[in-house]
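*Asks:* For the protein sequence lines, the chains are A and B, in the order given.
Residues 1 to 114 (this note's numbering) are what the first sequence spells out, left to right.
Residues 1001 to 1111 (this note's numbering) are what the second sequence spells out, left to right.
Rather than coming from a laboratory, the hints here were simulated on the basis of the structure.
Ideal Cβ placement from N, Cα and C applies to all residues, glycine included.
Please note that a few of the clues may not be correct.
Simulated pairs of lysine-lysine, BS3-like, Cα-Cα distance not exceeding 30 Å [claimed, not checked]:
(1) A:54 - A:15
(2) A:41 - B:1051
(3) B:1070 - A:41
(4) B:1098 - A:44
(5) B:1070 - A:78
(6) A:78 - B:1098
(7) B:1098 - A:54
(8) B:1051 - A:54
(9) B:1070 - A:54
DEER-style ranges, computed between Cβ atoms [what the hints assert, rightly or not]:
(10) B:1077 - A:52: 40 to 48 Å
(11) B:1097 - A:66: 17 to 25 Å
(12) A:68 - B:1060: 24 to 32 Å
(13) B:1062 - A:71: 36 to 44 Å
(14) A:22 - B:1008: 31 to 39 Å
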Amino acid sequence: EAGVTQFPSHSVIEKGQTVTLRCDPISGHDNLYWYRRVMGKEIKFLLHFVKESKQDESGMPNNRFLAERTGGTYSTLKVQPAELEDSGVYFCASSGSSFYSPLHFGNGTRLTVT
Amino acid sequence: GQQLNQSPQSMFIQEGEDVSMNCTSSSIFNTWLWYKQDPGEGPVLLIALYKAGELTSNGRLTAQFGITRKDSFLNISASIPSDVGIYFCAGLTSGTYKYIFGTGTRLKVLA
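If we strip away everything but chain A, and leave its shape as in the complex, we get (with noise of 0.2 Å):
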């Protein structure tokens, strides 16, 4: 089975700009998060998604990041206009619907703002 797939892998940009971030989570799996991780922090929840619907989002930062899943299955997460604190790298993961369905990550995305 094809794990959580994330691009890109990295990015650059500069501050002002607009990126956008996609992932396609493992088929099937109703439950799409997105995370973040600052250098040496935590990895931060962002929001999470039960097939197209919002069902958490109290972890985005501001109203500058704008995360979609159209139809349930991938998920963009976009930033406009990107700020320097924005860097960190963006990961995606998907669960199952069961209790015991665990989160399976993707590589992350590495933004960096300049």
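Since the structure of chain A is provided, determine the placement of chain B on it from the hints.
*Replies:* For chain B alone, kept in the frame of chain A given last:
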């Protein structure tokens, strides 16, 4: 908000030594997960714990779900060079699908 305190932050050990790391919280969790992250990759699940007091092994790895449900530990026996990486704990509280992660333990193994 909820926080997981993971310790130690980093460890340097000799190959063959045993390793122990833990996660504590003031909150109660219903599930504990332990992950390992290699450079340039995403975290990979090592062990999942679903019941207070549960002790689970995966090869040289053993993890326990604390009886108070506020802590968990991970032990690695007879460490080898490929154990190098960052180890994260994650907890899940009742009624939510939001996993909370610790800050990670960076492990380095000296051959």
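*Asks:* Residue 1098 of chain B and residue 44 of chain A: Cα distance at most 30 Å?
*Replies:* holds, 10 Å
*Asks:* With a cut-off of 30 Å on the C-alpha distance, tell me whether residue 1070 of chain B and residue 41 of chain A pass.
*Replies:* Holds: residue 1070 of chain B and residue 41 of chain A sit about 21 Å apart, inside 30 Å.
*Asks:* Is the gap between the beta carbons of residue 1062 of chain B and residue 71 of chain A within 36 to 44 Å?
*Replies:* holds, 42 Å
*Asks:* Residue 22 of chain A and residue 1008 of chain B, beta-carbon distance inside 31 to 39 Å?
*Replies:* Given about 36 Å between the Cβ atoms, the range holds.
*Asks:* Sort out whether residue 15 of chain A lies within 30 Å of residue 54 of chain A, counting only the CA atoms.
*Replies:* holds, 27 Å
*Asks:* Between residue 1051 of chain B and residue 54 of chain A, does the CA-CA distance stay at or below 30 Å?
*Replies:* Cα-Cα ~29 Å, so holds.
*Asks:* So does residue 1097 of chain B sit 17 to 25 Å from residue 66 of chain A, Cβ to Cβ?
*Replies:* holds, 21 Å
*Asks:* For the pair supplied as a hint, residue 78 of chain A and residue 1098 of chain B, is the alpha-carbon distance within the 30 Å limit?
*Replies:* holds, 21 Å
*Asks:* Check whether the Cα positions of residue 1070 of chain B and residue 54 of chain A lie no farther apart than 30 Å.
*Replies:* Given that 30 Å is the threshold and the Cα spacing comes to 28 Å, the pair holds.
*Asks:* Checking one constraint from the list: CA of residue 1070 of chain B to CA of residue 78 of chain A, max 30 Å. Satisfied?
*Replies:* Since the Cα atoms of residue 1070 of chain B and residue 78 of chain A sit roughly 35 Å apart, the hinted pair is violated (cutoff 30 Å).
*Asks:* Kindly confirm whether 40 to 48 Å is satisfied by the beta carbon distance between residue 1077 of chain B and residue 52 of chain A.
*Replies:* At 45 Å between Cβs, range holds.
*Asks:* For the pair supplied as a hint, residue 1098 of chain B and residue 54 of chain A, confirm whether the alpha-carbon distance does not exceed 30 Å.
*Replies:* holds, 12 Å
Violated hints, listed in ascending order, are 5, 12; each of the other numbered hints is respected by the structure.
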